[in-house]
Each structure stands twice: as structure tokens, then as C-alpha cells.
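Protein chains: 2
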Amino acid sequence: MQTPHILNTYRSAIDGALRSMLEPYTLPLYDMMRYHLGWIDEKGNEAAEPTGKALRPTLCLMACEAGGRGYERAMPAAVAIELIHNFSLIHDDLQDGDEERRHRPTVWKIWGGPQAINAGSAMRVLANLALSGARREGLPADKYERLLGIFDMATLRLIEGQYLDIKYEDCFDIGVTDYLAMIRGKTAALISCSMEAGAIIGTDDTETAERFRELGENLGIAFQIRDDILGIWGDSRTTGKPGGGDIRRRKKTLPIVFALSNGPLRVKRAIAGIFQKGAVGDLDTEEVLEAMGEAGVYAHVQEMVEDYCEQSRRLIHAIQMERRFKDNFEQIVEFLTVRSH
Amino acid sequence: MQTPHILNTYRSAIDGALRSMLEPYTLPLYDMMRYHLGWIDEKGNEAAEPTGKALRPTLCLMACEAGGRGYERAMPAAVAIELIHNFSLIHDDLQDGDEERRHRPTVWKIWGGPQAINAGSAMRVLANLALSGARREGLPADKYERLLGIFDMATLRLIEGQYLDIKYEDCFDIGVTDYLAMIRGKTAALISCSMEAGAIIGTDDTETAERFRELGENLGIAFQIRDDILGIWGDSRTTGKPGGGDIRRRKKTLPIVFALSNGPLRVKRAIAGIFQKGAVGDLDTEEVLEAMGEAGVYAHVQEMVEDYCEQSRRLIHAIQMERRFKDNFEQIVEFLTVRSH
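Chains B and Y are the protein sequences, given in the same order.
Taking the working numbering, the leading residue of the first sequence gets 327, the next gets one more, and so forth.
Taking the working numbering, the leading residue of the second sequence gets 327, the next gets one more, and so forth.
These are computed hints drawn from the structure, not numbers from a lab.
If several chains are the same, the list does not tell them apart, and a pair holds so long as it fits within one copy or across any two.
Straight line, CA to CA, 27 Å or less: simulated DSSO-like cross-link-like pairs of lysine-lysine:
(1) 493 - 369
(2) 577 - 435
(3) 493 - 435
(4) 369 - 379
(5) 435 - 603
It should be emphasised that the depicted structure is a prediction, and the values quoted were computed from it without experimental measurement.
With the hints as constraints, model all of the structure from the sequences given.
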């Protein structure tokens, strides 16, 4: 299935605003960000590399429009969100030792870990500066302060999630609840913040903002579980991640956590045995896939995606907004539930 | 010479406020911060390890009092500043590969680089949350927003300085101007922000705040150059840094930069030759010290400290405040100019 149409609607506006935001910063430190964002190659020459889906800023702009005000008002917040997301990606790539992202060497792989830390941290500060643009464009002080608070809390939860993710690498007794605590931080917090922020800017109704927050939380969880599914059963050509996937990287994604906690003893033993080894080869990967097939893991985790999507649909139904906005949000939910193999 | 008395005046109040700030955070992620701050050992048991001088928060509180309002008003800002400073220390230790700080293993050495990145980044977010406490305690919205702006800019300049510091590691043609650009970011930006923030809270006079900003800038540069002097000619028992100092770590501190750019050709060649080697031994260190002695480097850099201190004294003289506050600031300047060998 193709990327939902709505994800392209605001794309060039987001890209333009992001480029304007970075424009005044000329130190080579900021070229590391431009490289990461796909605008230049590692030598600084212009490039048009594939960039991200801009899912988070799009959700922010959508929530603003659905709330009743023009999406442009939420652009500074959307830019801030995309910067926070990319701050975390630059650090994550280093923390996970990932050498490629979207078929290009990661920032740390080119400039080294110490400078990748600087590029990521500076990006998080730029997010604050981007958000202050909303205030200059007339956002009332109380709303601005509310946004500051939710952006900081989302970042903190995001870092806590990343902390748990790394901690879980050495744990074999984590269950689905632990996993959910981790992705609520690592993924859902920022997606939820995107939608809440958009709604705060787009409407004065606090209940609507709260519903959008919940919608973002559910969408975020569904999104991460689907990402986990693609990381194991997805095609490396479409995901842009190196072949072999999350099994090779011994990541504790939901399918693995599910098999280790709910699978039959034989399946648990097989997977734990392979994950405790130093390196995971092709045969190991096959063995894990076979063990997961035996335990019916795919159906169970796909069902979890569908549950969170169903909850998302209920929230979309409950939020007061025009029909066309509901349709757009449903497009995104639809995209997440499609079986990927 | 002993640490100036004024640095102890607010110490326990700062420590108490910092502990209260961290108290609600119970995830083990935050224990890495408590460890770094010297409150607990690596197993989580209470400890009373030597902590930092709390120079930056003290300067913030001093500037607030000198401006005319009680120092308590500036405490949220002072806590935020100390958190920003320690965010940068946790990351710097990892970036520089330093295994010890204040005679204890650094955070990354115990929990690994990936988790040290998380602890540092989370600390920077906590700084924002600390600062929002000032707003809750009644700081007007316009002042709060001004503070947010200067804290973000100081952090950005701090990261830019760290970027340059790492970049310079492989450069042998940097001069005193390049060095000053680096420490203006790495050290002076946050010290200057501390004093400006304190003054913004302590007075409504914008000119006073601007003068304090300049004072912080000058003090910050003097402070860093003095630190560089101690890093080469200082005693490892008093600095708390491992023996052999900055020569062994091949850091481009001012004495080295000065010798490489202004020394006689023979001295330049000797130092560059040693710094380009993979490891610097005891004999190399001695040779560098001898070369610097020959070029009279110590006297030159000490003179630079004294120039920035003299400029600081002029600013202290020009700022309208009670005599006792001037005396306190002069105590700090005095401390910085004392010859250390």
C-alpha cells in the first residue's frame, strides 16, 4: 500500500519552513544537520536525498486545521517537532551503532560520535528557538508556555524510552507491559505531543486538545508496533534499513518480546539462545523467523496494531471536526493497519 | 590561595534546590545524574562525594542580589544553569574519552556511552523545567521569555564551542583568535548567561543586565584561561584531574595554541611533533614543558588572564550596586588572577 496522500499535502511547506529555520546557522556544525536531513551530501554539495515522511509535523498541522485555524499557525511548532524527532534520530543512530539511515552513512559514521552528539544536542535547542517563532507570530503567552511544557515533557519521555530500550538489550525477562512502557516514551510521546500541540494552537477547547493527545498516543503505539513488524518481516528496499532487520541487530522489538514472554518454552529457548550470542548469522535469523512462525507471533502483534487503530478510530469519531479532516486522519489509521506480508 | 569565601555562601541553598528539583524523578536514568552530581555512589547508595564549585549558579544569585532583589528569586534560574553546565560535562567526558572526574569514574565509564548521552540530554530538558519554576513563582511572562531565549542561545554557543574544541584536535594552524572563539562558546557563554539571567531577575534595568552579561563574558574567558594554565602547570591533587594534564591528553589549550602560533620555530616544531604522535609519554610531556618555558608561554597567558580580569574590574566598578556586592565580585576576580605556580 502507498503512503497516504495526506502525508504529501504539507510536505513542501514543512520542508521550506525547516530550511528557513536552519538558514542563519552557517557553522559546519549545522551542515551535519543538513546532511542528516538529506539536503546536502557529506562534502556540503546540494543533494536531494530521500527524506523522512514528516509524519509528526504533518499530524501537528492536521490537528491545528481540524481545530479550526489555518495550519500555518502551527508551522513553528511543526518545525520544532521535526527538529526534536531528528535530534533523537541522530543520537539513536550513534547509541545503536547503526551505520546507515535511508541508504546513506549516518552522521556519527561520517563525523564521529563526539560531533554527532553535538549535532543532535544543538538540534534540540533549535527546536526551542523554532517554537519561540510561534510566540513572535502572535500565539498568546499562556498557550506558548503550555506548549513549552508539553514539548519538554515529550522530550523527557522520549529520552526515558530510549534509556529503557538500551537497558532492555541485556534483559530476557521483559514482557509486553515493559515493552509498551518503552514505546510510550520512545515513540508515542512525541507523536502525541505533535497532535496535542497542533490542537492547542488550532482551537481554544481544552477537551479537544486532550482528545488529540490521546489519539496521538494510540496512533504512536500502533505506528511503532507496525514499524517493529516491518523490522522483522518487512522488505529492506522499502524500509530503507539494512537487510537482516531487527533480528540481526538483536533488538527487543514487540515480536521478539512477545515470543520470549508468551511463546512455548521451545520457542523461547531458541530465540533466547540466539539473542545471547555475540553475532546473529543468516541461519540464526531463519531459525528465529521459524520459531516465531510456530508461535503465531505475527497474527498476535498485528492484532495489537489493529486494537490501537480501532481505539484511534473511536477517538477520531469523538472529536468534533469537519468530515474531511476525519477522513484524513482515518487515511493514516488505515495505512497503519494494512498487513505488510 | 583558597577558594573565595563568597563561593560558599549560597552553596547549601543551591544544593538543596537542585536536590528538590531532581526528587520526583525516580527512573534509574536519573540516578546517573545523582551519581554525576556526587550525591550517590554507582550502586545507588548515598554518598557525600566532592561536588563542583557551583560557580555559575553562585554568579547568577550574586547578580540577582546585586540588582536589588532577594537571591531566592533567581534560584530556579541558578538550578537551570547548574543543570545545563552538568549536561555539558556528562557529554564532554564522553566526547573527550575522559575516564575520571573529581577522582571518580565518569558516567559513560560506568553506564556506557549510549546511556551517558541519555543522562546528559535529559539533564538539559530538566533545566527548562527548572526555569519554568521561576514563572510559577511569579516572574513576569516577558522576563521569562527573555530568559528562555538567553538560556537557549547560551546552550547553542556552548555546543558550538565544544564542536570547535573537538575540531581543533586535528588542526595545527589555529591561532589565539580561533581559541578565543572556541572558549567564548564553550565556557564564557554560560557564565555570561548566568550573570545576565540573575540581573534580569534582580533588576528591571536593562543596561545593568547588559553590563552583567559583559562581566560574565570577561570572567568566563579569564576563568577558562586560568583553567588551561592549571591543566598544564597545576597540581593534580588540587584540580582533581588525572596527572600529566592537558599535554598528555593533547588538548589545544591556550598555552599550546600560543606556543604553536607565537613561539619560535624550534618550539613550534617540538610541540607539533609530539602532539602528532599517537600517545604522549612522560618524556614528551617534559619536552613540551621545556619548550613552553623557553618561549615564555606562562607569562604571556597569565597576562591574558590579567587583562580579562582588569576588564572585569572596570565593569564591576561601572555597575551600580552596593559596595559589599562589588567586594564579592572582586573577590572572585582576585582569585582568578593569582599565579598558580
